[in-house]
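Use these hints to put chain B onto chain A, whose structure you have.
Those protein sequences? They're chains A and B, same order as listed.
With our numbering applied, the first sequence covers 6 to 114.
With our numbering applied, the second sequence covers 478 to 590.
Rather than coming from a laboratory, the hints here were simulated on the basis of the structure.
Be careful, since some hints might not be right.
[To be verified] Short, incomplete list of chain A residues facing chain B, as computed with Cβ under 7 angstroms:
(1) K47
(2) P49
(3) F94
(4) D101
(5) G107
(6) P114
Note that the Cβ used here is the ideal one computed from N, Cα and C, for glycine as well.
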Amino acid sequence: GESVGLHLPTLSVQEGDNSIINCAYSNSASDYFIWYKQESGKGPQFIIDIRSNMDKRQGQRVTVLLNKTVKHLSLQIAATQPGDSAVYFCAEKRSDMRFGAGTRLTVKP
Amino acid sequence: ETGVTQSPTHLIKTRGQQVTLRCSSQSGHNTVSWYQQALGQGPQFIFQYYREEENGRGNFPPRFSGLQFPNYSSELNVNALELDDSALYLCASSLPGQNTEAFFGQGTRLTVV
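Isolated chain A (complex conformation) (with noise of 0.2 angstroms):
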């Protein structure tokens, strides 16, 4: 069935290091992903998006790859700070979105 998923539950940091989180689509037809940061007790906070007519998008300290071809997505974090601790969703975007469970990021100083 058609899903969005993520590789890796958790995933642990040295501050500093660039921090890479993996996601799985299956719907071929999907052209158009976001991914969310979400810290404790709030809602998800927009990060960046990319389209399927794109393989790279670039924002500060962030950039996501789309494999078409593999239907695979990353978020790239550069020089991670602890305060990009959180949970990141990525989300297929039709009419509605559909997320996956998420990947805990922890930094650690």
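Here is chain B on its own, set in the frame of chain A:
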């Protein structure tokens, strides 16, 4: 700050009761979607409203209903509350269409006892 506000932030209800949650969308956004997020899981789509009409629904029973008002604000109503309805309820606003950014409010934490 996304400009999407939800009220109340926390709520405790008894099983069998009814609840109404409210959402004000970001300025200019005429599409509002509601999501239920159980602890440790990703948000699950409940339904979406566009121009005051329901415009898509997820796998939730009819006791979950909603409204959208002319100013694009929205309500989520849940009747006959069950213990499993305890969750964070999220509202997201966007412009219509598939490839448009969606921004979330901070959510309403509902606890059913």
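Structure-based check of each hint:
1. K47: 6 angstroms, holds
2. P49: 5 angstroms, holds
3. F94: Nearest chain B Cβ about 5 angstroms off; hint holds.
4. D101: Check passed: Cβ of D101/A comes within 4 angstroms of chain B, closer than 7 angstroms.
5. G107: 6 angstroms, holds
6. P114: Violated, because the Cβ-Cβ distance from P114/A to chain B comes to roughly 25 angstroms (cut-off 7 angstroms).
This entry does not satisfy hint 6, going by the numbered hints stated previously; all others are met.
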